[in-house]
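If you want the building blocks of each chain, they are given just below.
There are 2 protein chains.
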Amino acid sequence: MNKRNSSAISLGLAFTALSISLACYTSSVRADEGMFPFNTPPKEQLAQKYHFDLNQEWLDKAMHAAVRFNNGGSGGFISPDGLVITNHHIADATLSELSTPQNDLIARGFLARTRSEELKAPNLELNCLQSIEDVTSQVQAGITSNMDPQKAADIRRGNISEIEKKATQKTGLRCDVVTLYQGSRYHLYSYKKYTDVRLVWAPEEGVAFFGGDADNFEYPRTCLDAAIFRVYENGKPVQPQSYFPMSFEGVKEGELVFVVGHPGTTNRLETYAQVEHTRNFTLPYRLAKARAMENAYHQFAERSTENARRINNDIRSVANSRKAYTGMYEGLCQEAIMKRKADQENKLREGASSQNPWKAVESAINNDKVEENYYLFERCDAYPSPLFHIARHIVRLAQAKDNSKYELPEYRANKLDSLKADIFSPAPIYADVEKARLGASLSFLGERCGPDRADAHSVLHGLSPQDRAQQLVEGTRLFDVDERRRLASLSLEDLKKSDDAMIQLALEVDPIAREARSVYEDKVRSPLIQSYSQIAQERFRQEGMQVPPDATFTLRLSYGVVKSYEDNGQKVPYMTTLGDFYGRAQQHQNAAPYQLPKSWELSATRVQSDIPMVFISTADTIGGNSGSPVLNTRGEMVGLNFDRNQFGMVRNYVYDETKARHISVATPGLLEALDIVYNAQELLAELKAASASSTKP
Amino acid sequence: MNKRNSSAISLGLAFTALSISLACYTSSVRADEGMFPFNTPPKEQLAQKYHFDLNQEWLDKAMHAAVRFNNGGSGGFISPDGLVITNHHIADATLSELSTPQNDLIARGFLARTRSEELKAPNLELNCLQSIEDVTSQVQAGITSNMDPQKAADIRRGNISEIEKKATQKTGLRCDVVTLYQGSRYHLYSYKKYTDVRLVWAPEEGVAFFGGDADNFEYPRTCLDAAIFRVYENGKPVQPQSYFPMSFEGVKEGELVFVVGHPGTTNRLETYAQVEHTRNFTLPYRLAKARAMENAYHQFAERSTENARRINNDIRSVANSRKAYTGMYEGLCQEAIMKRKADQENKLREGASSQNPWKAVESAINNDKVEENYYLFERCDAYPSPLFHIARHIVRLAQAKDNSKYELPEYRANKLDSLKADIFSPAPIYADVEKARLGASLSFLGERCGPDRADAHSVLHGLSPQDRAQQLVEGTRLFDVDERRRLASLSLEDLKKSDDAMIQLALEVDPIAREARSVYEDKVRSPLIQSYSQIAQERFRQEGMQVPPDATFTLRLSYGVVKSYEDNGQKVPYMTTLGDFYGRAQQHQNAAPYQLPKSWELSATRVQSDIPMVFISTADTIGGNSGSPVLNTRGEMVGLNFDRNQFGMVRNYVYDETKARHISVATPGLLEALDIVYNAQELLAELKAASASSTKP
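Residue numbers (my numbering), protein chains in the order written: chain A, 1 to 697; chain B, 1 to 697.
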């Protein structure tokens, strides 16, 4: 244990089920575990394990070419004229917003042959990381070791707000203080922000999401989960500081690759008790919610093809969550995995001077009802409608103007631009979709509140969930962006006089929601932050800082090798080809969700069938990595990460590389499709030129 | 109040939303409420309200022509040679069992042109009621008024077992003691039992379930939810004591009609507290379970068309339950409905000498965890696989042989034949379906057990739900009927030595399940029976016996009128035509679930479009009435009940005829389809002859 350089076993040796236990955090990083912040890159590991020199130039170039999609994904610049690639499933909300009943971009795909044909996304913000600065001491300033957690949290919040405000004033950048190591470290991330993002190319959903929910989180896989945008600034294509030249060659088995992206959340440093709580309460709650919504969306979609078009994106999103939660839940039900977690923790606790932080975590998480109320009322599980979100923003902005005691971190000055982009987004909101959505979520609220229905009643007004949903949607004018602007300009007092049903709901539930949030902050979140900070310090004392922090939707570097695996005694190949794609469609009689789009049917004889379409590697990824460029050692983009296989779901809690793999679109298949299937010659020429000029010696 | 003959207001007058409160049980039956046992028919009501003489001959003929489908539906003889009609959705399990990958009877439908082509259902039992006898005093013999509920229940169970056994010995019939008025009355129902039931005709699911889940429980509706069997005895078609001649004319608006069938369960006599508990706990539990299973079934179906064929029937069944629970939940969330229930109860309690029974109900239902454990472990929500059911039957039969202290009512002598038909049914069981089903249900078990996972662990064996499901399904040989016979012949001791994984599971969970059952019986069911018996007696004291008992899946007569209604200011017509059916397909671009079967496409120009296809009436029905013949005053079959509209869902708790309607296939549309679409001339000739010979004066 605590050996730093004992990773030789992970290369070349056949892994058994037992070897997974070597990848635990109490030892230094072995195998290919780790999502590394760009200011603490895994230089030593790469040098020792792969004899690769991860130099600063390579890192800077990757950092400046990577972008974060504010709707939850990753991407990267791929040309000097601002082309950006990401996953189709990150672009899909935009595609849906740009669609009309007459022109369904999700179904048909899109190609802009000239810059004037590019379509501006109504609601996208891209962030490109410029710098990272350790601000731990500023954030902790004024906090003493035995301070009441509530008071410490207040001071911390105040410090963070101040740091962000000053940094933004100074640089003009978007500046976010990021909490690392469960509150043991705080880093200031400064981003260049882009909001003029235009759609250049998207394939049909039929190929992007080939195999649908059935294939999601599965491998072998054949699909083309990609889309291309162009970023503008001041009306002109942006010239990024760097970009990823696309590789026309692709990868070989055993090759070292890197994933550069924004993993959302991992929970690997959480205590055993908290992981158990996640299994026993949080995941079952989330599964119940996901199923309730998915079910309602499906029923809405069944009623007509236009309904299906309107709700398609919500269905995909909730099905994806449900499948991910299922995989996590399955993993955490396994005694073998829970035992490993327990063993890791026991070792750490044996060396610790006090058991109090672990006990404090246990008592903080033992607040199911507090957690649930927070999810339902403050996190909006009871009313996840964009109409309600807009109403709440309008109400809380008016409150913040009215009285600083109402201030909430998400309404701080540095967040207002992004917030207003949300509120005034011209993306269409469909009344019938919102009725279906609210009908389902209000029913879920009632079902969860059970006998303790006082709060649910104040939302339902004594009506059935569906009747209340109808009343709310028919009683609001928030569909109209001008009306939103008018309401957002009112004072809190004037807002209270509005007869808009959604504004009235937001006002009515605000005290319940704030109470739910404040109790959750006090009883759960603040003590957890305090305790995890102490546990992290203990871990540093025992292990140093070799273990990267849990993912926080900030830029990270992962590495791994392109590698097949064994399942049920069968070798699962490291890649699939365009020929495999056609084969699977044939095998399913070309029936949905395995139906070829027309464009692919027509190109069947011209597409070169042995070109790689999808490949896998051992690199450590998680949700949020969707759309991450996958690079070879030369920094060329060889793939576009879009998924993990089912064995990778438990990676939220424990890294495994026995069978767990992340899955990427292979660039050769993408380029062949642009050429032969989409005849996107202009786009292809731009990518070729970018690649040629970059790889010049 | 307590007026028996004040029902004139319900005819001819426009009903308002308020008038629903007149249909409450504290007054005598008004409107068209009531599912009447055949030994207490609504003669007076019909004479007074409709001037119709409900004579004994009419009643006897209807009783002997009606049949109960043991899988949860109703039906009726329609020819002197044993033809029986029911709903397609009651026949669908049989259709699924008779299907193969090469010949999917659900998708394609079926027609036997000769008797030799008829297909024997592997797993159907039909019951035809012969007599009803009041055995209340025998059941209550030995029970004193202040006896411990547990002891009273034991005595009652013993008496019932004895009565059933003796009656079966004497008559050779299937004899069931039925609990009425929440235990205030017990009647002995004796049935002729038929097990040789052969499929004659079924339409394609595309027309039987046209509109799918989207149209289920909705109106206006166009579909043909019907199927026809022939009953055999000793290898020959049965000659029923009577049958329903089919009407070729159909119904007119305002016409009096009767529904003869087996309504499953209503809850109209339950206390306010229990209905509230149903809303707060039971329905949310059932919704969560239904969604979990529906979700898993959908994912299984998505993977291939053969998967979809195998699981289609389960999907339809669970979607139907989920939609019904949703309707009930929506209804009970309405303060207006709950207030009505409270008002009714308050009136009854004001006149009562003691409040104790109501208090006892409240304390009995306040046992959520007991109720949930009973559902999960004893009612098999944790393992709803037919493989487990077979394993449990085998284990419990061996226990019953071994020691009478293990006796459970469902393993009594009079039940053994039906039980063995279940265990040794040759209906196919698909390993992949069972893995999907058990994977989902075991996950639901774990999710529900939450932190209190001791029992879940003993089922899961420390594996993930999906791994455990795989282990169980791959470790059992119960797919093989011969192996089931072998295991069923073993003693309990020998059974314990079996290495069959499903038998082992049944043995392992038996103590948990019996404990869950026994605690539930003691704490919930027995006190409820006791209390409801007291409440029922109080009600009799105040109101007499004019109010029919809650439904119990026994033969009942309902009546009502064919009647349109108003919704959202629009008149909803009392019937739809075959032309409307084609119109709806066209309106949905003939896309699923509104796609015409080929046979209907090809017949489009020849079908007479103004013939009625579906109609509605105010008669009082509930689940279990599916497949009930709908009769005119002459006893001719004018329709086949198959559904309620959404406003009828709350009828489980409160009868309403403002907008609530039951929905029936109209016989003229059915006969036109047999003639023109299916060219079923032999079948049509038999029905015509039956109709002609019966309606002879």
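Don't read these hints as lab results, they were simulated from the structure.
Please note: incorrect hints may appear among the correct ones.
It does not matter which identical chain is meant; a pair holds if it fits inside one copy or across any two.
Restricting the straight-line Cα-Cα distance to at most 27 Å, the calculated cross-link-like pairs of lysine-lysine (DSS-like) are [stated by the list, open to error]:
#1 Lys435 to Lys323
#2 Lys598 to Lys165
#3 Lys688 to Lys369
#4 Lys497 to Lys523
#5 Lys339 to Lys435
#6 Lys170 to Lys659
#7 Lys659 to Lys435
#8 Lys571 to Lys435
#9 Lys359 to Lys571
#10 Lys415 to Lys236
#11 Lys659 to Lys165
#12 Lys659 to Lys166
#13 Lys252 to Lys523
#14 Lys598 to Lys339
#15 Lys323 to Lys496
#16 Lys193 to Lys165
#17 Lys43 to Lys359
#18 Lys420 to Lys401
#19 Lys435 to Lys236
#20 Lys497 to Lys659
No experiment lies behind these values; they were computed from the predicted model shown.
Quick rundown of the hints versus the structure:
With identical chains, the CA atoms of Lys435 and Lys323 are at most 27 Å apart both within one copy (25 Å) and between copies (17 Å). For the homomeric pair Lys598 and Lys165, neither the shortest alpha-carbon distance inside one copy (52 Å) nor that between copies (68 Å) is at most 27 Å. In this assembly of identical chains, the alpha carbons of Lys688 and Lys369 never lie at most 27 Å apart, being 56 Å within a copy and 65 Å across copies at closest. In the homo-oligomer, the alpha carbons of Lys497 and Lys523 never lie at most 27 Å apart, since the shortest distance is 35 Å inside one protomer and 52 Å across protomers.
In this assembly of identical chains, Lys339 and Lys435 lie within 27 Å of each other by CA distance solely across copies; the values are 26 Å between and 45 Å within a copy. Taking CA atoms no more than 27 Å apart as the test, Lys170 paired with Lys659 passes in neither setting, with 48 Å inside one copy and 66 Å between copies. Taking CA atoms no more than 27 Å apart as the test, Lys659 paired with Lys435 passes between copies only; the shortest distance there is 21 Å, against 42 Å inside one copy. Proximity of Lys571 and Lys435 under a CA criterion of 27 Å is satisfied inter-copy only: 23 Å between copies versus 48 Å inside one chain copy.
In this homomeric assembly, Lys359 and Lys571 never come within 27 Å of each other (Cα to Cα): the closest approach is 45 Å inside a single copy and 65 Å across copies. Within a single copy, Lys415 and Lys236 get their C-alpha atoms as close as 25 Å, which meets the 27 Å cut-off; across copies the closest is 81 Å, which misses it. With identical chains, the CA atoms of Lys659 and Lys165 are never at most 27 Å apart, being 45 Å at best within one copy and 59 Å at best between copies. In this assembly of identical chains, the alpha carbons of Lys659 and Lys166 never lie at most 27 Å apart, being 47 Å within a copy and 63 Å across copies at closest.
Taking the shortest alpha-carbon separations for Lys252 and Lys523, neither the intra-copy value of 51 Å nor the inter-copy value of 66 Å comes in at or below 27 Å. In this homomeric assembly, Lys598 and Lys339 never come within 27 Å of each other (Cα to Cα): the closest approach is 51 Å inside a single copy and 58 Å across copies. Within a single copy, Lys323 and Lys496 get their C-alpha atoms no closer than 41 Å, and across copies no closer than 38 Å, so neither meets the 27 Å cut-off. In the homo-oligomer, the alpha carbons of Lys193 and Lys165 lie at most 27 Å apart inside one protomer (16 Å), although the nearest pairing across protomers, at 82 Å, exceeds that limit.
Taking identical chains as interchangeable, the C-alpha atoms of Lys43 and Lys359 are never at most 27 Å apart, the minima being 36 Å within one chain and 72 Å between chains. Taking identical chains as interchangeable, the C-alpha atoms of Lys420 and Lys401 lie at most 27 Å apart only when both belong to the same chain, with a minimum of 15 Å there against 74 Å between chains. Taking CA atoms no more than 27 Å apart as the test, Lys435 paired with Lys236 passes in neither setting, with 40 Å inside one copy and 56 Å between copies. For the homomeric pair Lys497 and Lys659, neither the shortest alpha-carbon distance inside one copy (59 Å) nor that between copies (36 Å) is at most 27 Å.
Going down the numbered hints, you'll see the structure goes against 2, 3, 4, 6, 9, 11, 12, 13, 14, 15, 17, 19 and 20, while the others check out.
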